[in-house]
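Peer 1: Quick note: the sequence shown uses the working numbering, first residue 1, plus one each step.
It is worth saying that the hints were derived from the structure and are not from the lab.
Fair warning: this is a prediction, and the values are worked out from it, not measured in the lab.
If a hint is listed, it holds; no wrong ones were tucked in.
Cross-link-like lysine-lysine pairs, in silico, BS3-like; alpha carbons within 25 Å at most:
#1 K85 / K72
#2 K142 / K127
#3 K64 / K94
#4 K70 / K95
#5 K94 / K72
Pairwise CB distance ranges, derived in the manner of DEER restraints:
#6 K95 / V37: 33 to 39 Å
#7 E125 / A56: 22 to 28 Å
#8 A124 / L83: 52 to 58 Å
#9 R140 / K117: 22 to 28 Å
#10 E30 / V97: 25 to 31 Å
#11 K43 / K142: 17 to 23 Å
#12 K31 / D105: 22 to 28 Å
#13 H141 / M104: 17 to 23 Å
#14 M104 / L133: 21 to 27 Å
#15 G63 / V131: 26 to 32 Å
#16 K117 / D77: 32 to 38 Å
Even for Gly, the Cβ is constructed at its ideal location relative to N, Cα and C.
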Amino acid sequence: MLRKKKLWGFIPVLIAGLMFLGGCHKPSPEKMADHIVDELVAKLSLTAAQQEQLNATKLELLGKVAEMKKSKEAMHDEVMAELQKDLLDQGQLKKMVATHKGEMDEMANLLIDRLAKFHATLTAEQKAKLVDLLKEMEKRHKSCFFDN
1 MLRKKKLWGF
11 IPVLIAGLMF
21 LGGCHKPSPE
31 KMADHIVDEL
41 VAKLSLTAAQ
51 QEQLNATKLE
61 LLGKVAEMKK
71 SKEAMHDEVM
81 AELQKDLLDQ
91 GQLKKMVATH
101 KGEMDEMANL
111 LIDRLAKFHA
121 TLTAEQKAKL
131 VDLLKEMEKR
141 HKSCFFDN
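Let's have the full structure, built from the sequences with the hints guiding it.
Peer 2: Here it is in structure tokens:
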């Protein structure tokens, strides 16, 4: 009898733990990109040509993200190796940071360029819907992270 009570007491703890760990899982860049594209297609009523352009941009950006992830992992390994040395090479660390900044700037420029091209294909109504969607997303994220 006592054993059954312990088991029934353990099950909710196990379920709560699994729910907590499941809630900590961050979606992959691919899933996040798919979600964003699906939401844009649905909310903006995109044409087939606009959807095709958006999907091409998504694939291009995901490729760039994968490259950056590899670069970041390599940089991480280099930083760890540098930290194990007796004398830290500040010049090497600054060079790594500058390289990373360059990659980030390149990604930002690519993103802005693709956004401008996509924006040029939108109708006035779609542009208004896009602004409304972004405002709605901003509210959701503010309420999620800030108590204002």
